[in-house]
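Q: Order-wise, the sequence lines are chains A and B.
Each step along the first sequence adds one to the number in my numbering, with nothing skipped, and position 134 is 134.
Each step along the second sequence adds one to the number in my numbering, with nothing skipped, and position 326 is 326.
Think of the hints as simulated: they come from the structure by calculation, not from any bench.
Glycine residues also receive a C-beta, built at the ideal position from the N, C-alpha and C atoms.
Each hint can be trusted.
Chain B regions said to be covered by chain A (calculated; three or more residues, Cβ under 8 Å): (1) 101–111; (2) 229–241; (3) 244–257; (4) 286–300.
Taking lysine-lysine and the BS3-like style, the derived pairs with C-alpha atoms no more than 30 Å apart in a straight line are: (5) A/K73 / A/K2; (6) A/K77 / A/K121; (7) A/K72 / A/K55; (8) B/K107 / A/K46; (9) A/K121 / B/K107; (10) B/K258 / A/K113; (11) A/K53 / B/K258; (12) A/K55 / A/K77; (13) B/K107 / A/K53; (14) A/K77 / A/K53; (15) A/K55 / B/K258; (16) A/K46 / B/K258; (17) A/K77 / B/K107; (18) A/K77 / B/K258; (19) A/K113 / B/K107; (20) A/K73 / B/K107; (21) A/K252 / A/K179; (22) A/K72 / B/K258; (23) B/K107 / A/K72; (24) A/K73 / A/K179; (25) A/K73 / B/K258.
Here's the letter readout for the chains.
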Amino acid sequence: MKLNVNSAVCGYREAVVLENISLSVSSSEILCLLGPNGVGKTTLFKTILGFLKLKGGSIRADGEDLGTWTRKKYAQKIGYVPQTHTPPFPFTVFDVVAMGRTAHMGSFASPSKEDLEIAEKSLNDLGILWLRDRIYTEISGGERQMVLIARALTQQPELLVMDEPTSNLDFGNQLRVLKQIRKLAESGMGIMMTTHFPDHAFLCASRVALLSQSGFFIGTPDEIITEESLRAVYGVDVKIVETPVDGGHVEKACIPILS
Amino acid sequence: MRRNRKTGTALPKKRALSAGKQTVSAMGLLIFLPVAAFFLSVTVGRYGIPPRQLLQILFGKLLGLTPIWPNTVEKVLFNVRLPRIFCGMMVGAALSGSGAAYQGIFKNPMVSPDILGASAGAGFGAALAILNNFSILGIEATAFLFGIAAVALTYFLSNSIGRNMNAVLVLVLTGMVVQSLFSAFTSVIKYEADPNNKLPEITFWLMGGLSSSTQKQVLMMLVPFVAGMIPLFLYRWQINLLSFGEEEAEALGVDTGKVRAILILASTLLTSASIAVSGMIGWVGLIIPHLARLIVGPNYKTLLPASALMGATFLLLVDDIARTVLTTEIPLGILTAIIGAPFFLYLLYRGRSAWE
Numbered sequence: 001m002k003l004n005v006n007s008a009v010c011g012y013r014e015a016v017v018l019e020n021i022s023l024s025v026s027s028s029e030i031l032c033l034l035g036p037n038g039v040g041k042t043t044l045f046k047t048i049l050g051f052l053k054l055k056g057g058s059i060r061a062d063g064e065d066l067g068t069w070t071r072k073k074y075a076q077k078i079g080y081v082p083q084t085h086t087p088p089f090p091f092t093v094f095d096v097v098a099m100g101r102t103a104h105m106g107s108f109a110s111p112s113k114e115d116l117e118i119a120e121k122s123l124n125d126l127g128i129l130w131l132r133d134r135i136y137t138e139i140s141g142g143e144r145q146m147v148l149i150a151r152a153l154t155q156q157p158e159l160l161v162m163d164e165p166t167s168n169l170d171f172g173n174q175l176r177v178l179k180q181i182r183k184l185a186e187s188g189m190g191i192m193m194t195t196h197f198p199d200h201a202f203l204c205a206s207r208v209a210l211l212s213q214s215g216f217f218i219g220t221p222d223e224i225i226t227e228e229s230l231r232a233v234y235g236v237d238v239k240i241v242e243t244p245v246d247g248g249h250v251e252k253a254c255i256p257i258l259s
Numbered sequence: 001m002r003r004n005r006k007t008g009t010a011l012p013k014k015r016a017l018s019a020g021k022q023t024v025s026a027m028g029l030l031i032f033l034p035v036a037a038f039f040l041s042v043t044v045g046r047y048g049i050p051p052r053q054l055l056q057i058l059f060g061k062l063l064g065l066t067p068i069w070p071n072t073v074e075k076v077l078f079n080v081r082l083p084r085i086f087c088g089m090m091v092g093a094a095l096s097g098s099g100a101a102y103q104g105i106f107k108n109p110m111v112s113p114d115i116l117g118a119s120a121g122a123g124f125g126a127a128l129a130i131l132n133n134f135s136i137l138g139i140e141a142t143a144f145l146f147g148i149a150a151v152a153l154t155y156f157l158s159n160s161i162g163r164n165m166n167a168v169l170v171l172v173l174t175g176m177v178v179q180s181l182f183s184a185f186t187s188v189i190k191y192e193a194d195p196n197n198k199l200p201e202i203t204f205w206l207m208g209g210l211s212s213s214t215q216k217q218v219l220m221m222l223v224p225f226v227a228g229m230i231p232l233f234l235y236r237w238q239i240n241l242l243s244f245g246e247e248e249a250e251a252l253g254v255d256t257g258k259v260r261a262i263l264i265l266a267s268t269l270l271t272s273a274s275i276a277v278s279g280m281i282g283w284v285g286l287i288i289p290h291l292a293r294l295i296v297g298p299n300y301k302t303l304l305p306a307s308a309l310m311g312a313t314f315l316l317l318v319d320d321i322a323r324t325v326l327t328t329e330i331p332l333g334i335l336t337a338i339i340g341a342p343f344f345l346y347l348l349y350r351g352r353s354a355w356e
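Here chain A stands alone, though its shape is the one from the complex (with noise of 0.2 Å):
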């Protein structure tokens, strides 16, 4: 699936809070948006997701115009992994993965067999099958991140929307999360993710896009990231570094000037 913007004006009610945006995501393609707090990354993926109404422009998905969606068609073509909170009640982690399957169920049935089956293989993809009968409320964030990967893939979309999906993680957390990210991409789905760490596009954009009060800026992390944007944007100074990996690879890292 190939997902195009096209010149979107975002925004609630009356308030505008961008304009003029355009990018496209396609399958197997990561998409790293960058930008300060309060920019507007969350109004963008919430105009997106459908739960806030395109103010101009347009969105599509292979051509179709995503407004003339159902709910329902909208969750079989589009995951959403939010940033995790905390429901009224004790779920089972498996319950909260099975849900995943919804959109692909009759509005008055419950999940088969084969819904299940699905669930638990997602659990097993991600390596959190031991989860399984833990309560949803009661595990660690990191756990809970994980467990909201794993039902927006029982939900089987082509494209992947995900908040912050390293947010209150720890350090290992943060990169095993990136691991599955990247995995789900070379699986052939169409990821779009917010992030606040320039290392993280580094490490598994394909795109970034730079959302800032200057502008909006798209390309290669390369083309993106440079010390010049990042002081422009963040108001930060910073040093870009390169280092070799194992294998002859490079990496690039940002390393903060705080004097």
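Chain A is already provided as a structure; the job is to place chain B on it using the hints.
A: Only chain B this time, still in chain A's reference frame:
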């Protein structure tokens, strides 16, 4: 990431398996309970009907045998005891089922028909209808109308007040405001009512009870009961998703606007029909869903039927107490409050971490 932080073990906790054996056997027990409570309730009472006589009558009626039992027993059974039992079971199931649904729809385990104002609204509607000598159908319709108005008022007020605030608390507080507003309206009705006939009628009815249940009332309850329960059962899986919040439910494919509206209408219909038939019986819709959740887990696929079955059993047993313990009847609403209030405190105590 691989370890349970509290216990340090990697073993999964066995609790509330979604389709596990525990849930299946618990459901078996929950189906057996109302049946047992039914037979117990038929036999006990001021006019005791021994189990043997009950079976004689039931089989005799089915097979068309000549009566070998006293005519009075048959009259008590069919005109008094059975209507009361059926009404009690339906009211218990309706209040608990709608309470469970409300809790999921409003993502809030502290919600119930009472707290949302549905009961107070429906109570006012019914009092108004009694004052104006409406038929039982008229009482049900007016109760439903004001019940839905009260829920809508609570919902919209809490939404407009509650931005960026503790949503659980705001909803409960707005519900209390709406509740006391409609209680005040009900007091106006009582003040206006004729103290010689209408006032006692309304007052006794407000205390809640099943003593006036008739065959006709069973039918009048049955229609809204079926009409309200069907949508709750059909959409019960999607209530799970609603409890995760609007956007998440939508992203998972739920048409939240439509489903929520249907569920609120159905739950309010169940609440108001119960109130029209039996008066104000509080607490059932709050405590039974909680108990059911402790037994079968939070998945509405099993939670909703479990709540309905437990509610039917609970109200039936409490009604048995109401009509047998003292020589005069104890109003049912008073008993459920005496049982419910301490239980609610217990919930507050248990769930205090969720409120922080």
